[in-house]
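Chains as they are written, first to last, in UniProt numbering: chain A, 1 to 305; chain B, 1 to 305.
Keep in mind the hints are simulated off the structure, nothing from the lab. Be aware that one or more of the hints could be misleading.
Where chains are identical, the list cannot tell them apart; a pair therefore holds if satisfied intra-copy or between any two copies.
[To be verified] Cut-off 30 Å, straight-line C-alpha distance, at most; resulting in silico cross-link-like pairs (DSSO-like, lysine-lysine):
hint : residue 1 : residue 2
1    : Lys30     : Lys68
2    : Lys56     : Lys271
3    : Lys211    : Lys30
4    : Lys68     : Lys297
5    : Lys68     : Lys167
6    : Lys138    : Lys271
7    : Lys230    : Lys296
8    : Lys276    : Lys56
9    : Lys138    : Lys103
10   : Lys296    : Lys211
11   : Lys138    : Lys276
12   : Lys68     : Lys8
13   : Lys211    : Lys138
14   : Lys30     : Lys296
15   : Lys103    : Lys211
16   : Lys30     : Lys276
17   : Lys296    : Lys56
18   : Lys276    : Lys167
19   : Lys271    : Lys211
20   : Lys105    : Lys8
21   : Lys230    : Lys167
22   : Lys103    : Lys276
23   : Lys167    : Lys296
24   : Lys276    : Lys68
25   : Lys230    : Lys138
Remember, it's a predicted structure, so these values are computed and weren't measured experimentally.
2 protein chains.
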Amino acid sequence: MIKVLGHKAPDSDATGSPVIWAWYLNEVRKTPAAAVLQGEPNTEAGWMLTRWGVEKPEIIADLAAGEKVVVVDTNNPAELPASINEADVIEIIDHHLLAGGIKTKTPINITIRPLACTATIMHDLIGEDLAQAPEAIKGVMLTCILSDTLEFRSPTTTAHDRAVAEKLAADLGVNIPDYAAEMFAAKSDVSAFADDALLRMDSKEYELGGKQLRVSVLETTAPQVLLDRKDALMAAMPGVAAADGADEVLLFIVDILNEQATLLVPNDFVKTVAEKSFNATVTGDTVLLPGIMSRKKQIIPALAV
Amino acid sequence: MIKVLGHKAPDSDATGSPVIWAWYLNEVRKTPAAAVLQGEPNTEAGWMLTRWGVEKPEIIADLAAGEKVVVVDTNNPAELPASINEADVIEIIDHHLLAGGIKTKTPINITIRPLACTATIMHDLIGEDLAQAPEAIKGVMLTCILSDTLEFRSPTTTAHDRAVAEKLAADLGVNIPDYAAEMFAAKSDVSAFADDALLRMDSKEYELGGKQLRVSVLETTAPQVLLDRKDALMAAMPGVAAADGADEVLLFIVDILNEQATLLVPNDFVKTVAEKSFNATVTGDTVLLPGIMSRKKQIIPALAV
């Protein structure tokens, strides 16, 4: 049984693309496979599974040595189980930069494309066999693309991601604006999460000026709900950083509908980062960054200190 | 101008696949590109260029910082210019194991497939646009596949490599057995090369039991020509190893037509490797290994000490 596995913070793409590829391996390639997760899906991903009647994949803590695994939506060992290089990675499908940490013992299939979403790459790899897919698989694929592109608002969006999503929506009879509004409402419902969980929910590690950063993003249609919790979120940052071996946490609250982000500014280091990276003027403990929506395209490349 | 670059020891695939991809970038994608080499093409690759009227690509020593480069037929920094991680790698197309040393700053196109030949992967990526290709490009593609598969004899050969080569040969009106015989005669004409050049001609670095090995292969239809030089070849090994930071050189003379290899045995270390890796009985300074043709599939995975 092949395990299909995404990164440690299961958003829609990291939850949905293992489901899509496990379907493809089982039903088209006739190879037994199962989607697995490294943690609880976020609220949008959980909503997606319910909406399309897909069973929640098993949550695993690690992989056995020699276990066959397909890695999707990441290629970074820091986002994978500790034993990833002892497992047998048989395929990688991803849309992130090449992190350089995974080695394989033999040549395998690796497909990395500069598209907004892993599910778009899978759409292309599956090709005409997608006609065999049940609505649930197409619905998951559509959700992944709308999630990663923030309904085509993110600058990571390519014309191809958009065309694939529009084709899937037409096929499923889904109205994209209505559907995306439901998705984003689910993503924005974070009332059940503690402050430290929010800081870790969608977070990537990044080194800047000798400091190890957690660069965290919360995409929401209700930014005020999170801004109302800003004091508690900032108070939780030193504990999360210490527990995770980081020096600082940067939290960007991305306002999907108004296409802007608010960065919390708990200290002078983050103030300097905000000023040097985004040419911003910081006066209080938050700073508004107009147009900033994508960690990959706009935040990480800009980071300076 | 994008540079398209293969590995350090330009055989037919490492010479031809940059030529193919530079054609595709220039003529189909309308993006200025040039094939380049890291050294003189081997005798087979040189014959291929002459046979199809392709100008020999420029030989370069290094890349400038930020220079755009497509890496083909390798993904291993040890086989690339020293400054590869300062250059701007914009695409990788390969059929080797993931070596893990290249990092990229943004997501790029990476296509690695467990096929016998990079040119086969390019055939698939180019798709219907191959109809626009001149005969020279198809002829180079055919040569790469016949070279890497040793005319379908190598165990690395897949049904897909074979089907692509047969389609290309039919299209070009080329008789594969006659054509391959000419190719292999060119590859076997190594009279102009000094012993140290032969030891480095088709060589990969590999660590075994704490020792750094140069695992060298010479594919030939005239093994006796090389066996007649075995004393000189063994005498050259310590100097080549020392100059290249290796501990030992393993030289496998692959007899293409009889589908077997002869390993030179200059010392007790190599004798032990031969015995432990291939269950061979070594009595003199050579050992015949029936059926062994592929470094990737049969030699490297078997190496033990």
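Hint-by-hint comparison with the structure:
1. In the homo-oligomer, the alpha carbons of lysine 30 and lysine 68 lie at most 30 Å apart inside one protomer (15 Å), although the nearest pairing across protomers, at 40 Å, exceeds that limit.
2. When the C-alpha separation of lysine 56 and lysine 271 is checked against a cutoff of 30 Å, the pair qualifies neither within a copy, at 40 Å, nor between copies, at 55 Å.
3. Within a single copy, lysine 211 and lysine 30 get their C-alpha atoms no closer than 47 Å, and across copies no closer than 42 Å, so neither meets the 30 Å cut-off.
4. In this assembly of identical chains, the alpha carbons of lysine 68 and lysine 297 lie at most 30 Å apart only when taken from different copies (19 Å versus 32 Å within one copy).
5. Neither within a single protomer nor between protomers do lysine 68 and lysine 167 lie at most 30 Å apart by alpha-carbon distance, with minima of 33 Å and 34 Å respectively.
6. In this homomeric assembly, lysine 138 and lysine 271 never come within 30 Å of each other (Cα to Cα): the closest approach is 43 Å inside a single copy and 58 Å across copies.
7. For the identical chains of this complex, lysine 230 and lysine 296 are intra-copy neighbours only, at 24 Å inside a copy versus 56 Å across copies, given an alpha-carbon limit of 30 Å.
8. Taking CA atoms no more than 30 Å apart as the test, lysine 276 paired with lysine 56 passes in neither setting, with 42 Å inside one copy and 48 Å between copies.
9. For the homomeric pair lysine 138 and lysine 103, neither the shortest alpha-carbon distance inside one copy (32 Å) nor that between copies (33 Å) is at most 30 Å.
10. Taking the closest pair of Cα atoms, lysine 296 and lysine 211 come within 30 Å of each other only inside a single copy of the chain (19 Å); across copies the shortest separation is 41 Å, beyond that limit.
11. Taking identical chains as interchangeable, the C-alpha atoms of lysine 138 and lysine 276 are never at most 30 Å apart, the minima being 43 Å within one chain and 52 Å between chains.
12. Within a single copy, lysine 68 and lysine 8 get their C-alpha atoms as close as 18 Å, which meets the 30 Å cut-off; across copies the closest is 32 Å, which misses it.
13. For the identical chains of this complex, lysine 211 and lysine 138 are neighbours neither inside a copy (42 Å) nor across copies (52 Å), given an alpha-carbon limit of 30 Å.
14. Only between protomers do lysine 30 and lysine 296 lie at most 30 Å apart by alpha-carbon distance; the minimum there is 28 Å, versus 35 Å within a single protomer.
15. In this assembly of identical chains, lysine 103 and lysine 211 lie within 30 Å of each other by CA distance both inside one copy and across copies; the values are 27 Å within and 20 Å between.
16. In the homo-oligomer, the alpha carbons of lysine 30 and lysine 276 never lie at most 30 Å apart, since the shortest distance is 53 Å inside one protomer and 38 Å across protomers.
17. Taking CA atoms no more than 30 Å apart as the test, lysine 296 paired with lysine 56 passes inside one copy only; the shortest distance there is 28 Å, against 40 Å between copies.
18. Proximity of lysine 276 to lysine 167 under the C-alpha cut-off of 30 Å is found in neither arrangement, the shortest distances being 41 Å within a copy and 57 Å between copies.
19. Taking the closest pair of Cα atoms, lysine 271 and lysine 211 come within 30 Å of each other only inside a single copy of the chain (15 Å); across copies the shortest separation is 51 Å, beyond that limit.
20. When the C-alpha separation of lysine 105 and lysine 8 is checked against a cutoff of 30 Å, the pair qualifies both within a copy, at 24 Å, and between copies, at 21 Å.
21. In this assembly of identical chains, the alpha carbons of lysine 230 and lysine 167 never lie at most 30 Å apart, being 40 Å within a copy and 64 Å across copies at closest.
22. In this homomeric assembly, lysine 103 and lysine 276 come within 30 Å of each other (Cα to Cα) only across copies, at 25 Å, whereas the closest approach inside a single copy is 36 Å.
23. Proximity of lysine 167 to lysine 296 under the C-alpha cut-off of 30 Å is restricted to the intra-copy arrangement: shortest distance 26 Å within a copy versus 42 Å between copies.
24. In this assembly of identical chains, the alpha carbons of lysine 276 and lysine 68 lie at most 30 Å apart only when taken from different copies (28 Å versus 44 Å within one copy).
25. Taking the shortest Cα distances, lysine 230 and lysine 138 never come within 30 Å of each other, neither inside one copy (38 Å) nor across copies (62 Å).
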